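**Q** Spelled out, the chains give:
4 protein chains.
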Amino acid sequence: MNTIGDIFRVTTFGESHGVAVGGVIDGCPSGVQIDKQLIASDLARRATGTTSSASQRREADEVEFFSGLLDGVTLGTPIAFIIRNTDAHPEDYQALKDHFRPSHADYTYQAKYGIRDWRGGGRASARTTAPVVVAGAIAKQLLDQHGIRAQAQVKSIGGETDPEKIETLLQQCRAVGDSVGGIVHGSITGIPAGLGEPMFDKFQACLAKAMFSIPAVKGFEYGDGFAMAAMKGSEANDEMKVEDNRTVKFLSNHSGGIQGGITNGEEVFFNVAFKPIPTIGKGNRHDVCALPRAAVVVEAMAALTTIDLILRNH
Amino acid sequence: MNTIGDIFRVTTFGESHGVAVGGVIDGCPSGVQIDKQLIASDLARRATGTTSSASQRREADEVEFFSGLLDGVTLGTPIAFIIRNTDAHPEDYQALKDHFRPSHADYTYQAKYGIRDWRGGGRASARTTAPVVVAGAIAKQLLDQHGIRAQAQVKSIGGETDPEKIETLLQQCRAVGDSVGGIVHGSITGIPAGLGEPMFDKFQACLAKAMFSIPAVKGFEYGDGFAMAAMKGSEANDEMKVEDNRTVKFLSNHSGGIQGGITNGEEVFFNVAFKPIPTIGKGNRHDVCALPRAAVVVEAMAALTTIDLILRNH
Amino acid sequence: MNTIGDIFRVTTFGESHGVAVGGVIDGCPSGVQIDKQLIASDLARRATGTTSSASQRREADEVEFFSGLLDGVTLGTPIAFIIRNTDAHPEDYQALKDHFRPSHADYTYQAKYGIRDWRGGGRASARTTAPVVVAGAIAKQLLDQHGIRAQAQVKSIGGETDPEKIETLLQQCRAVGDSVGGIVHGSITGIPAGLGEPMFDKFQACLAKAMFSIPAVKGFEYGDGFAMAAMKGSEANDEMKVEDNRTVKFLSNHSGGIQGGITNGEEVFFNVAFKPIPTIGKGNRHDVCALPRAAVVVEAMAALTTIDLILRNH
Amino acid sequence: MNTIGDIFRVTTFGESHGVAVGGVIDGCPSGVQIDKQLIASDLARRATGTTSSASQRREADEVEFFSGLLDGVTLGTPIAFIIRNTDAHPEDYQALKDHFRPSHADYTYQAKYGIRDWRGGGRASARTTAPVVVAGAIAKQLLDQHGIRAQAQVKSIGGETDPEKIETLLQQCRAVGDSVGGIVHGSITGIPAGLGEPMFDKFQACLAKAMFSIPAVKGFEYGDGFAMAAMKGSEANDEMKVEDNRTVKFLSNHSGGIQGGITNGEEVFFNVAFKPIPTIGKGNRHDVCALPRAAVVVEAMAALTTIDLILRNH
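Same order as they appear, the protein sequences are chains F, V, L and R.
49 is the number that the numbering used here gives to position 49 of the first sequence; each next residue is one higher, with no gaps.
268 is the number that the numbering used here gives to position 268 of the second sequence; each next residue is one higher, with no gaps.
145 is the number that the numbering used here gives to position 145 of the third sequence; each next residue is one higher, with no gaps.
160 is the number that the numbering used here gives to position 160 of the fourth sequence; each next residue is one higher, with no gaps.
Isolated chain F (complex conformation):
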C-alpha cells in the first residue's frame, strides 16, 4: 500500500505533523556511490518552489540515513532514511480535529480508518512527497549510469504558459487567498528500447500509477495523449526506417516512445494535470500553486518507474 516498485521498491511513511517522514529503498543495486548533494538539491527544489507560490512552511529537510550505505556506497541492503518535521505546528490545527476541510482527505481518511491524524494533512499531506524526492534522487543517479535522464518542468499554470502571465496570475491568487492548478510536462531521454512489462505492467501503466500517486494529480497523458482521440490513424502513426538492416529510426514520435507497452528507444514524454490546492482563504500557511514544487516530484516518480522497469527487464 505504501510501497511502489517491484524490484527497486520504495516504502514511505510519516504524517505531516508527526516526528518525521521517511522511506526505505529495497532492491537498490550495490556498489553505487551516492552523491548526497544531489539529494539535497532536489529536496530544495521541492521545498521552495518559486517566490510567489511557495508555502510559508520552512523545513530544514535534512536527511538522516540509517542503513544500506557504507562510506556513501550502496550495500545492496535496504536504505532507510528520515526527514524530521522540525517546523510542524500541530497546535495550529486544533480546530480541524472535528472539522472536515473541503476537497481534502480529512473526511475520506476518517471514513476509511475511523481515526485520522488531524494535525495538518497527516498521511495525505504533500509533505509525504519529500521521501519520494529522496528516493527519486537516488534513482536518478542510477539512471545516470545508463545515460538516462528523467526531467520535468511546469508547462502551464491556470491555463497560462507565458512566465510573466503566470507570475501575474499567482500574485492575483495570493492577494485574494485563492489557489490555481496547472500542468507539468515530463520527459525521459536516453531510454533504451525494451522496457515495460506486458500485459498489466506496461511502461505507461506503471508511469501513470506513479503519477496518480502524487497528491492533487487529476490527469495523465503520454505522447500526443488526449489529442490523439481526435486524430486519424494516417496522422498518428509513427513511420520508421530500418537502417543498415538493423537499426530502427522513427520519423515521428506521436507515440511518446512507447508501443504495446514497451519503450521503442525514442523519448518518453507526458503531461500531468494538477488541480488547485484546496486550502484557500487569506492567512492560510499554504501554497498558492503546487506546481513549481511538484515538478521535482514528477521527475522523481518518472525516475523510480524507469529504474524499476530497467531492473525488471532481463
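In case anyone wonders, no lab produced these hints; they're calculated from the structure.
Incorrect hints may have been included.
Because identical chains cannot be distinguished in the list, a pair is counted as satisfied if it fits within a single copy or across any two copies.
[Said to hold, decoys possible] In silico SDA-like pairs for lysine to any residue, Cα to Cα no more than 25 Å straight-line:
1) K97 <-> T247
2) K155 <-> A230
3) K97 <-> S30
4) K249 <-> G114
5) K282 <-> E235
6) K36 <-> R84
7) K155 <-> I183
8) K165 <-> E235
9) K232 <-> G265
10) K97 <-> K249
11) K155 <-> G190
12) K155 <-> F226
13) K155 <-> D178
14) K36 <-> I115
15) K249 <-> A95
16) K97 <-> A216
17) K36 <-> V19
18) K165 <-> V176
19) K36 <-> S187
20) K282 <-> H89
21) K155 <-> H254
22) K97 <-> V248
23) K249 <-> A227
From a predicted model like this one, the values you see are computed outputs, not experimental measurements.
Take the given structure of chain F and dock chains V, L and R to it, following the hints.
**A** For chains V, L and R alone, coordinates are given in the frame of chain F:
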C-alpha cells in the same frame, strides 16, 4: 507482469493467433452464483461494436471453464478459462514475419524478447482484452451484490460527440482505409466511501494503471481532470455539509468521487483517450475505430479495480 | 495464493475431479526451446510411482499448451497449459458430500469457504501437483542451461532405507489397507554462489515454503538440519580455504550450501518428511505411500525455487 | 526481499554496526492502542537470554517511533521505528575486512553484492532480529484481541532437555569457547479454523518461510513432523466427531492443527532447529547459544504469520 489486482487477481495469457486466449481469476470469494449469460453478452459487446466500425474477424468467443466453479457457484479456488481462437488465420500474416508495422508493438516486442509471435499482434493484440472482459463480467456480478455499478460508453470519436456525425466520420474512414481515435467515459456508481489505499495504491492510481493496460490508451483523467489545471481553488473545491451530525453530503463533485486517494461515496467518473488503430490501408481485416468495442473493456477494468479495492479494504 | 515465485511465477488451478488441472507460467525467459518429452517423462514419474505403492487412478496426463510457445520456443509471454481429468469418477465420492474424512482437508476447506468440491480432494488433492511437475520440468530445462541440476529420490519409507525392506513394508500396508510415510532427499548441484535474497527471501526460506506447499509434507531440513541442534560449533562449522587469492574452497558442507540465506556455491541438499496418506481402508482407490510419486514433485519445487532466485539475482 | 507478509507487511532494515536497525509495518489495522511496555519486555527477552549463554553486547534497545501512531493508537498508516546501535564497536572488526569467517555470511554477501558491511555480521547479524521482535510484539497485541496466543520456548540445547544438564553444557561450552545448537518449540493457541491460503500460501508454508528467515535455523517441522515419516496412516490420522450436527471435535492432533494447508481450530505446534553459533574461540564477544534469545524471535515470527493470514482470510 500478466497479472492485475492484489486480492482479486486476474492473470491473462494467449497470443492473438495461437490456440486460445484465457485467464485465471484467483481470490474470487466463494459461494457466488455466476451467470454465464452476462459473460457472453459482455463478450458480444467486445466482439461486435457498431456495424460500421467493427472488425471483420468473427470469433465464436465461447468460454470454456476449467476450474473454480461447482454447478456455477464459485468455490473460492482459481477460476481458469479459455476462449479458443477459431477464426485465426496466421497464414495471412506470413508477410509480417520480417516486417515491423508502424505504431504497432512488432518492433518493441522484438527488441524486448528477441523473438515475437509475428502472426498478428501476438500478445499485444486487442484480442487479449477478451479474457479481461470475462473477468470483468464476473467482477461486475460481485459488485452488483454491493449495489455498485461500473459502466462505460463512447463519449466522442474523432472529436465528434453527435452520433450522426460519428457515423458519417466512420464511413469516411472506412472508405479511404483510415482509422480514428476517441474517448470513452466511465463511471462507478453506488460506491462506498473508504476505498483506495494510500500512498501508492490510491483509487485513481489503480484505476489509471488498469486503463493504461488497455491497448491504444493514451490519456486518463478523473473528476474534472485536465480542466482543473486551469481552475482556481475557489472553483474546484467540493463543499460538503455534515447532516444529522453524521452523514456527509457533497454539494458538487469536481473531485470525481475521490479525495486523498480514497473514495468519498460520490460517483467516480473518468475519461479514457484512445489513439486511432494503427492498422490502416484498404483491404485490411481490422477495425476503423476501437471505441465501440473498447467501452466494455474500460467497464471491465473499472470493475476489476473496484472489486479488488473492496476486498483490500477491511 | 495460488501463485509461487516472484519473477518466474507459476499459478496453478483445478480441482481433482473437475474438467482439468493446469497452470500459467509467467516470467519465463524468451528464446528457450522446450522439450515436451522431458515434461511427459516427469509426469509419468508422478503418475506411476512404483508398482506396489501406486494409486489405481490412471490418467493419460497429456499436456495441452495454449500460449507462450512458437514452434516449441518460449516467447517470453505466459505459458498456459492444462491436463484434463479423464479418469475422474466424481460419482464415487457421492457419499463424501456430507462427510469429513479424517486428516483430509474436507473440513478445513468447508470451514474456510463455506463450500467445497466434495468430489475427491478438490483443490487439496495430490492431483494438483501435476501442473507443478509440468512447470518444474520447464524450470529444469532452464537450469540445465546454467549447468544446474535439481534432483530428488526416496530416502526412507516407514523408517526403512533398504529397498527390500521398503518393498515388504509396502506390501504389508497394501494387504491391510494401511498407508505409510517417508522422507525424500533432494539436492541442487552446480548452483553458483550468490542466490537467495535477505532478509525474508533467503534461499532456504523460499525452498521451505515451496516444499511445505506439497500436500502431506510435515518437515523440512537442509544441510545437517535437525542434527545440528545437538552439535557444537566446533563440529558444525564449514572451514574454507581461499585459493589463488580468489577462489573459495570449502572443506565440509554441514551448511548445505547456504550461509546467511545466500548460496555459497556448494551443493544444496535437504530432506522433506511426508506423513502417511490419510486415506486408508481396504478397497480404496488410493496410494499406499505418496513417496515414490512425490520425489518428482520435490524436484520440481526445488527447480522452480532455484530458477526464480537466479532471475531475481542481478 | 526485506519484506514479509502480504497485508500485514513488515519491512526491516539496518546493519549490525551501522547507525540503527529498524522497520516499517504497513497494513496494521487502525484504532488499536499499542502497549509499548510489551514491546520493551519482548526486546529484553531477545537482548538478554539466560545468564550463561548471553552475548556480552549490551544495547539499550530503545525504540523510537516515527509514524503511524497518534497518542499510542494505530492510524492505519505505516508504523516506522528504529533501534539505535549504541554499543556497536565497528573498530573491533577491522581485521575482518579482508577475512571470511567460517559458516558466516561474510563470503556469500561478498559473492552476491561485490561489497559487504564487514563491521560485524552487517545485514546477516542476529541483531537484525530486533525489529522483527518489535513488529511481533505489535502483532501479538492484535492477536490478543482475537483470543490467539503465539508462544515459544527452548525445548532442547545440545540434545539435552533437562535444565540442569543444559546449564552444565552451556558452562562447558563457555569455558572452552565453543557454542551449541538447540530446538525451540512453538505453539499458536486459540486459533480459529480457516486460516491459510491454498495452494502456495498454506499456513505451514508461510510459517516455515518465516522461521527459515531467522538466522541459524536449519530445520522446521509441525505437528508430529519428521516422526510421521515412520508412521502408518492408522497411527497418524486425527479422527473427529461432529457434535450437535455442527461442531467438530478432534480426538487427536498429530496434524498440528493444519489440514490441507488450512487451520482446523486445534493448537498449531512446531519445532525449529538452530545450528550452533558459528563464532567460536575464547575472547569472542558472542553468545554460547542463540536459543534462549531466539525463542522470542520464533514467537514474533509465528505472530506475524498468523496476523497476516487472519487479515488475508475474508
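**Q** All hints, please: hold or fail.
**A** Verification of the supplied hints:
| no. | hint | result |
| --- | --- | --- |
| 1 | K97 <-> T247 | between (62 Å within a copy, 17 Å between copies) |
| 2 | K155 <-> A230 | both (22 Å within a copy, 12 Å between copies) |
| 3 | K97 <-> S30 | between (45 Å within a copy, 17 Å between copies) |
| 4 | K249 <-> G114 | between (56 Å within a copy, 18 Å between copies) |
| 5 | K282 <-> E235 | between (48 Å within a copy, 16 Å between copies) |
| 6 | K36 <-> R84 | both (17 Å within a copy, 22 Å between copies) |
| 7 | K155 <-> I183 | both (5 Å within a copy, 23 Å between copies) |
| 8 | K165 <-> E235 | between (33 Å within a copy, 20 Å between copies) |
| 9 | K232 <-> G265 | within (24 Å within a copy, 38 Å between copies) |
| 10 | K97 <-> K249 | between (59 Å within a copy, 19 Å between copies) |
| 11 | K155 <-> G190 | within (21 Å within a copy, 36 Å between copies) |
| 12 | K155 <-> F226 | both (16 Å within a copy, 13 Å between copies) |
| 13 | K155 <-> D178 | within (20 Å within a copy, 33 Å between copies) |
| 14 | K36 <-> I115 | between (37 Å within a copy, 20 Å between copies) |
| 15 | K249 <-> A95 | between (60 Å within a copy, 21 Å between copies) |
| 16 | K97 <-> A216 | within (22 Å within a copy, 46 Å between copies) |
| 17 | K36 <-> V19 | both (22 Å within a copy, 17 Å between copies) |
| 18 | K165 <-> V176 | within (17 Å within a copy, 44 Å between copies) |
| 19 | K36 <-> S187 | within (24 Å within a copy, 45 Å between copies) |
| 20 | K282 <-> H89 | within (18 Å within a copy, 55 Å between copies) |
| 21 | K155 <-> H254 | both (18 Å within a copy, 22 Å between copies) |
| 22 | K97 <-> V248 | between (60 Å within a copy, 16 Å between copies) |
| 23 | K249 <-> A227 | within (24 Å within a copy, 36 Å between copies) |
Of the numbered hints stated above, none is contradicted by the structure.
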